[in-house]
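Undergrad: If you use UniProt numbering, the sequence shown closes out at 196, no skipped numbers anywhere.
Think of the hints as simulated: they come from the structure by calculation, not from any bench.
Predicted model, so just to flag it, every value in this text is computed and none were measured.
One thing to keep in mind: the hints can contain errors.
What the hints assert, rightly or not - Below, in silico cross-link-like pairs of lysine-lysine (DSS-like), each with a Cα-Cα straight-line distance of 30 Å or less:
(1) K77 x K41
(2) K85 x K47
(3) K85 x K41
(4) K77 x K143
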Amino acid sequence: MSDKSDSVEALKQFINGQIDQVNTAIPCEVVSYENGRVTVKPSGERKFPDGDSNPHPIIHNLRFVWPTFSGGQAGFKGPVSQGDKCLMICCQQSIDDPDDLRRYDLVDSYVVPGGDYSDEVPGNNDVRMYHGDAFIAIDENGKLTINAPGGIEEITTTHTLQGEMNVTGDVIVNDIKLGSHKHPGDSGGITGEPQN
Numbered sequence: 001m002s003d004k005s006d007s008v009e010a011l012k013q014f015i016n017g018q019i020d021q022v023n024t025a026i027p028c029e030v031v032s033y034e035n036g037r038v039t040v041k042p043s044g045e046r047k048f049p050d051g052d053s054n055p056h057p058i059i060h061n062l063r064f065v066w067p068t069f070s071g072g073q074a075g076f077k078g079p080v081s082q083g084d085k086c087l088m089i090c091c092q093q094s095i096d097d098p099d100d101l102r103r104y105d106l107v108d109s110y111v112v113p114g115g116d117y118s119d120e121v122p123g124n125n126d127v128r129m130y131h132g133d134a135f136i137a138i139d140e141n142g143k144l145t146i147n148a149p150g151g152i153e154e155i156t157t158t159h160t161l162q163g164e165m166n167v168t169g170d171v172i173v174n175d176i177k178l179g180s181h182k183h184p185g186d187s188g189g190i191t192g193e194p195q196n
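Let's have the full structure, built from the sequences with the hints guiding it.
TA: This is the structure in structure tokens:
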């Protein structure tokens, strides 16, 4: 009976030892980022069945994953700073060499940003893109809100607006202020400012 128990315990230790070699997903901090490649420091320590542990190594030159669509023609990205939280996802097989038999290796990982998202950011019911105090939000009723304390610059060849526009302040077109614009009148004088 003891031989069977010993065999079961040996099998458990073998399985646990193999599972310990499988990397899946690890929370990380950004060490550096450049041109779509990131160096990360995994959080915590790697623990072993015998109770020993050691810090995860810094992993260099991993692919940083931004949401992209339409074959890469559409997407979203933002500034990456040292200390940003992220998630390193380890691939089942080699990314660069399909003939390489390594599996779940840390070097075959993608890094996803956003591990330190705070629910204190307002607009949980909105689709929202934000940077500091600036944001663009679309609510559940389809209303679009733009908050741009730094201003808005639009570059377009044609702009068509349908519907009404209410402006508080002045509108300037080719250096002419429409709200206070005067011009020569039909009788040779100067017109007054526009009236409400």
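Undergrad: Against each hint, give a clear statement of whether it holds in the structure.
TA: Going down the list of hints, with the structure as the test:
no., hint, result
1, K77 x K41, "holds (21 Å)"
2, K85 x K47, "holds (21 Å)"
3, K85 x K41, "holds (10 Å)"
4, K77 x K143, "holds (23 Å)"
Every hint from the earlier list agrees with this structure, and none is contradicted.
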